[in-house]
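K.L.:
Now for the letters of each chain:
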Amino acid sequence: MISPIHIITIGLGVAFALGFVNKKAKNFSATIMLVAIGLMGAISVAWLTALLQGAETVQIFTAGFKPPYSINLMMGIHEAFLTTLINVAGLLGGLYLLQSLKNAGNHAIMVFLVFIMGLNVIIMTRDAFNLFVFMEVVSIATAGLIILTETGKSIQAGFKYMLATGIIAGILLLGIIFAYYFSGTLNIDSLAEANITTLKGGSVAVLMILVSIILELKPFPANGWALDVYEASNPGISAMLSAASATALYFVLFKVLAIANENWYHILTVAGMLTFIGSNLLGIKQNKARRLLGYSSVGQMGLLMAILGLKPILGDKLEFIAATILVSHYLAKAGLFWLAGIVENDNIKNWSALRRKPILLVLFGTFLFVLIGFPPFPSFYGKWELIMQLSSNQHYYVLALILLGSFLEGIYLFRWLGYAIKMDFETLPELNINWNKIIPPVLFGVLVYVAGYFTSALVPELSALNYIPLLFIAGIYFIDSLPAYIKNTVAIIGMSIYGYQILPPLYENDMLRFIFAAIFIGGGILTLTAGYAYKGKRSGFYPVALLMYAGLAYIIQATNTLEFFFGWELMTAGSYFLIIRGKKSMPHGLSYMLFSIAGAYAILAGFGLSFAGTGTYNLSSLAGISSNITIIFSLLAIGFMTKTASLGLHIWLPGAHAEAESDVSPMVSAILLKAGVFGLLLLIINMGHNTETAQIGYILGWLGALTALVGNLAAAFQEDAKRLLAYSSIAQLGYILFALAMMSHLGLLTAMYYSINHFLYKAILFLTIGAVVMRVGTHMMYKMGGLIKNMPLAFIAVLIGIIALSGVPPLSGFGGKWLLYNAILAKGWYLQGAMVLFSGIIAFLYLFKLIYSVFLGQMKDNLRHVKDISIWFAIPVYILIIGIMIISAKPEWVLQPLGDMISQWYPNAALAWNGGLATGPYGYWNGNGIMITVGIMFVSLATWLWMMSRKAVQVKQFNIVYSAEAPQRPETTHISYNIYAGYNKALGWIVAPKITAFWDTMTEWIHSLAQYVRQLYSGNGQLYAIYVLAYIVVVYFTMIF
Amino acid sequence: MSEEKNIEQPSKQAKTFENPYYAKREVTGPDGQKFIVDPMKDYFSDECPTVHEPNSIPVVEKFLNWARAESLWVLGFGTGCGSIEIGPLLTPRFDAFRYGVMPRPTPRQSNVFIISGYLAVKTLKRVIRSYEQMPNPKYVLALGSCTINGGMYYDSYNTINRLDQYIPVDAYVAGCMPRPEALLAGFNKLKELIKAGKAENANEYAKNFDWYKANQKKIIKDWNMPDYNW
Amino acid sequence: MEYIALGTGMLVILAGLWAIMTRKNLIRIIIGFSLFDTGIHLVLVAISYVKGGTAPILDSTVCIQDAAQRIVDPVPQALVLTAIVIGLGVTALMLAFAMKMHKEKGTLDIRSFKDLKW
Amino acid sequence: MDFELKRLGFTLLGLLIVLNWGLLMGAAMRKIGARVGKRYGIPWFQPWINLVKNYAIRTSLSHGIMFYLGPVFRLSGGIGLFLFMPMIIGSQLWLNYSFQGDLVLIMYFQFFGMLGMALGAGEGGHPYSAIGISRGLSQFTTIELPLTLAIISIAIQYDTLSIIEIVQAQQGGFMNWTVFTNPVATIAAMLSLLGVLSHSPFNLVIAPNENPIGPPTEYHGSFLGVLQTNRAILHVVEAALFMNLFFGGATNWFEFFAKTFLIYFWSVFVGVVFPRFRIEQSVSWFLKVPLVIGVLAVILYM
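Residue numbers (numbering that gives the first Met the number 0), protein chains in the order written: chain A, 0 to 1040; chain B, 0 to 229; chain C, 0 to 117; chain D, 0 to 301.
Since the hints were made in silico from the structure, they are not lab data.
Don't take each hint at face value.
[To be verified] Within a straight-line C-alpha distance of at most 25 angstroms, the following computed BS3-like cross-link-like pairs (lysine-lysine) qualify:
1) A:534 x A:582
2) A:788 x B:40
3) B:220 x B:206
4) A:950 x B:121
5) C:113 x A:284
6) A:199 x C:50
7) C:116 x C:50
8) A:356 x A:199
9) B:206 x A:950
10) C:23 x A:348
11) C:113 x C:102
12) B:121 x B:217
13) B:23 x A:866
14) C:23 x C:99
15) B:33 x A:866
16) A:199 x A:287
17) A:152 x C:99
18) A:993 x D:287
19) C:50 x A:101
Chain A with its partners taken away, still in its complex shape (with noise of 0.2 angstroms):
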């Protein structure tokens, strides 16, 4: 084995030795460089192997002394990891860097192979005074790459960081002198055990070490300079700081902190906490790309602070969530500096650029993705676990903060996502792309996945996670050159193989899981369906729908908390990518994402929660929580609500439904929100029969009660047809909110018959709507009618779609208003009750505005000629027909399985089958002699009155009686545009905008705060230096107190 020191040998020796060679030999120079850094990392990893195959730790006395006589570094598992992880970013930054380096010559090659030497050993020593010598080197060997690579404003910022890095050090190296006069040695170790912090004096020579390594690490606010450097050096720099360097300063902390007493594990977190809030709100209000992964580099190392700060909390989980969440920082921050480089474009709207190599594009995803902490990346892991561990020892208000932070990056990493996906890129300058730019982005972008698999090997509750739906996904991503049919075709059969495998098993065992599984993968075969109207190679769109499909299964087959939280999130990403497909869908999916994330987070603080009180991630465990119930049920309501959209949470949800494409329309109304169902059912089986909960279900009933007043009233004054469809599932989704918030057996039984229906008949409207959309060109709907003449398949589809929709005998509908109906008598909720079934007559409006603006009234010029709609919309939508006419004329088969299966958790209430009769604790139904009944007598009076007038003579639009004068126009003579005003002046104060303006508001005021904190960083250095001064005075004075 060879000895570490040799990455300080190589490193030193190749770099002096440059300095002989021709300066004109700049590629020789910089094919050494790279070279020794290889021969670095492949020490680093060498020694990596050996200590995971259980090699021993070594120390390396440098003069042969031991300390404190000698300099001693050491070689362990951590310092082996990270070491490697520093030379993989110097080999790959350096070959970014390859043309910038040799453009600057021979000094700059040198000075960033000692950059790098620099960092190894910083990571690598054990002695303070070294350790300050080498962070000194990396400082100016930083000072001197900037200076050497000069870009425009650089230089500034230069100079500021050369200004507070010179205070920071000369702090640390009079901390260092005082502790080595107390404690008589500089090793780091023998420091840690002289346990100097007990003497007065001691403890300022401590503080003075661990502020000046806190301030390298650059806490809010005192980091004006190193946000500047950020954003004005080199990208490739900026990588490297924010990837390499940022890693071994943050493990001097580690090492460094061995000395300090448990008080300092406060100031960590509340520093770290302050400086993952406090930057990631500004990024809210930032704009330029790289100034934007400053703020998101420093907060990121802010939040790292806070987890060694809560070291004594989380005990011997710290290194895997330190490490996860370290390496998920460094490899996608340092692949989005890169991707910066790569863009030329320091406009976050304008990297759209991105989209002229999709593969750029892809990796941004990734990277964002995974600095927001979603799986299946390793910070996802860490997140988790850090939450868990958080809220197992109450350290709620952390918990609360961390997550807080986390939805404020979330806020800026999403928009900018959606600018780089929507906006218009032909006018931007082509991407100018070399090869040794594009392949450390590429490397890090597999290697965040790779780590992301080896992550989840390493958490156990996961060990039972199916990866080959995540492997199809990533076939169908690298057949995504091929047409769009042969990728549905291999999507739809993906699909059926796994409905074929997974169904028939919860057939048999789980009810309610087999339900909501086959909506979900029925469902998706069926939308999936209609994507062969779609011609061309619809890039994309497979691999994003087919995860959100995944997460989906994983939801339903997850039994433990962390295997469902890892399938919301999958479901969630792909369902934003389907969502922010639309055309004009970017705002919309960002308030998609947002709620989601915010919903996600409450969800995740549950499930802490619930872990904390059962210490056990069983999904099952849910039911035997005793603490905290009413806290972990509302944040899991909460959570669940905002796929459900509920009111307050809903605002994101008509524009992203209605302005997503055809067939993405009915797979995010009709089956996305059902996860939302399924979060909520499984919530009040496990958690509904505490008296805690049946309050909040009280609460949560006249919230489902007001949405689906508030979604039907707002859906009839809506004029986009795909955005009234969209209103209506808020709608729909409030009552099944509502009867399930009732925790009753018919209540279960109302909001899953529902569901079944909601799913037939919202898939129908939807899918008939948009390929109605798609062939007109148009959403709304006073710019169509008379469609039925050119569309009767559609306009058929539509009608029972209504009809079942409204609740008219004899269709499905009916049967939901009747199990409402005895549910809400039975349960006594009378008044809440009367408003939902008031809403459920306020659908009439929407679905007559709907079905009449389309299809009937007066047709327009333009569409006189279109056609019907696609074959391949009319099957999926046919089949659903099928099941709709089958529900409605034996309802006996979907109600009585399903009124056994929930009888599990809440036993029968007295609805009695014979036959097709059910007779419930009120009333009494016969779906199907009703069905029989209204058949008959339709067909006869139907041919009663065709045998009278069979003679009629067809007329044409015009012949209409019009005051003894003829119309002139269509579009005058077609009334749909805002045909309910004389509803609206009555009644439309209900649906004022009332909460997408407080949630502007919302916006507004965190934008304003932002704008105002911000102003912190005027730009000066010196006053950046007065900032590093004020800290460490702060600081002082926290200590003393």
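Starting from the known structure of chain A, arrange chains B, C and D on it as the hints suggest.
P.N.:
This is chains B, C and D only, laid out in the frame that chain A set:
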């Protein structure tokens, strides 16, 4: 003083009036294809009226005629000055409801068209339209001299003199203006005709459609509607 | 004696910091930084001082047994050399930056280098 | 099987009775309206004549399949309501097909005809039809709210949603009628009834002078005849619903005629006295007084 000069002389040539809304036009469909829309063909049915034979069983026809006679629904369309008399007809003094007379606001549901006096050419156009929109069987009750011979407007440039040149008339009620009593008498006369099976003018109109149309088009210069208004 | 050195060192540090915080001219700031550095070096040396001690050289006058009492601590003296070198490097680099900044804007006033902010 | 046939026969007979009673009641109400206006009014048999005439109209126009299905839906709605409504309690034969569904079915089957008619009128393409429908639907949503509350109230009171059981619970003297046992709910429901029967002041839907004449503007001849037939049936059935729920039902046809007439008279009485509401006025009116009364009716039984 220069006003006279500025008055444009109408061109002597007969101009076919074209309603810009009904002009043929090229339209672009949502998928980009272009096609011609001809409103006169595409918006209006171009079928001609047909003769509806009375029920072949005399008793049934008699019964139906009785029902038609006892249920006269009047198209509420005040065509001329005489419409002022319709109000008293329906109010307590004369109460035509007693005789099964009832106003209806839409031609589709009406059987009797009361032409209440003089008809300007402009109104005639609307009258023709409304008359044609009424379903068979339908009856026309013409009030006053104006509908018979033009009355005091006999030499007007803008009113017609004889209504039955343009639409068939079942019963005339003379007078200028006839009082509601006369109107009631007219209704009674009409009832008699209907009961006797002699009020088949809707079929007459269909039979002599070309003649009526030619007369109508002769006087209505800006004919911008289909030949038969369904 | 060592307290005088220590006190002077501290004063020099404070003076340097004062210059860094209040002077607007880049060169003066760098001088301030230099002072700050020098102060630290003074403190370093002062701390290792042993009253009446000799140079840390083991020869006939100082035997190994009582070396600890007789000689001043050699470690800080070694450290201070390194620190001086580093300080020199930093100062030089700062001056280089100052030069380039002057070239860019023709001024040395730190307040005019606020292109990067927020 | 015999019973099934017998039931079918009696149901059809009942339908005939209800249709004729509805026509007669319609004539009587027009007559009352005329007398209030100091007119003599129509002959009592006028509705039959109108019906015959309309069915005998020779011309028939069609705007499309939905235009033709609209009246079919409408009449199916009316007859369906009749079928699912028990008419005469005490005889198995006059209960029609009410064993197939309860009050909830009646409540929601009302929409069957409305929706179909709306679609049929919609295909007519006449702007007034659309305006009339939008008004009708707007008004109907709020009419239903006090009615729903009243029904919830009596469902709590009688612990059932079955109309037959509700009627049976009211037997044994008029003091057992809901109108006396639960007057608040009855008031709420009777206010709703004004809207359900859509007489003045809630008849802006068809407002003949301003919006001639709403949804059926394009309907004529046999289509109109079907609509008129339905109107006659529907008014009796709606009155019968209120009779069953609030006025002790009927044990024989005589009682049935008397009670439905009086219930219907209530709406006519109000209609001849009050002028017409604009749509937003009627919507807000139903959400004020009747709603408060309805909520009160529920709260009293909570």
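K.L.:
Are the hints correct? Go through all of them and say.
P.N.:
Comparing the hints with the structure gives:
no.	hint	verdict
1	A:534 x A:582	17 angstroms, holds
2	A:788 x B:40	16 angstroms, holds
3	B:220 x B:206	24 angstroms, holds
4	A:950 x B:121	33 angstroms, violated
5	C:113 x A:284	19 angstroms, holds
6	A:199 x C:50	23 angstroms, holds
7	C:116 x C:50	51 angstroms, violated
8	A:356 x A:199	60 angstroms, violated
9	B:206 x A:950	19 angstroms, holds
10	C:23 x A:348	37 angstroms, violated
11	C:113 x C:102	16 angstroms, holds
12	B:121 x B:217	13 angstroms, holds
13	B:23 x A:866	22 angstroms, holds
14	C:23 x C:99	17 angstroms, holds
15	B:33 x A:866	14 angstroms, holds
16	A:199 x A:287	46 angstroms, violated
17	A:152 x C:99	11 angstroms, holds
18	A:993 x D:287	23 angstroms, holds
19	C:50 x A:101	55 angstroms, violated
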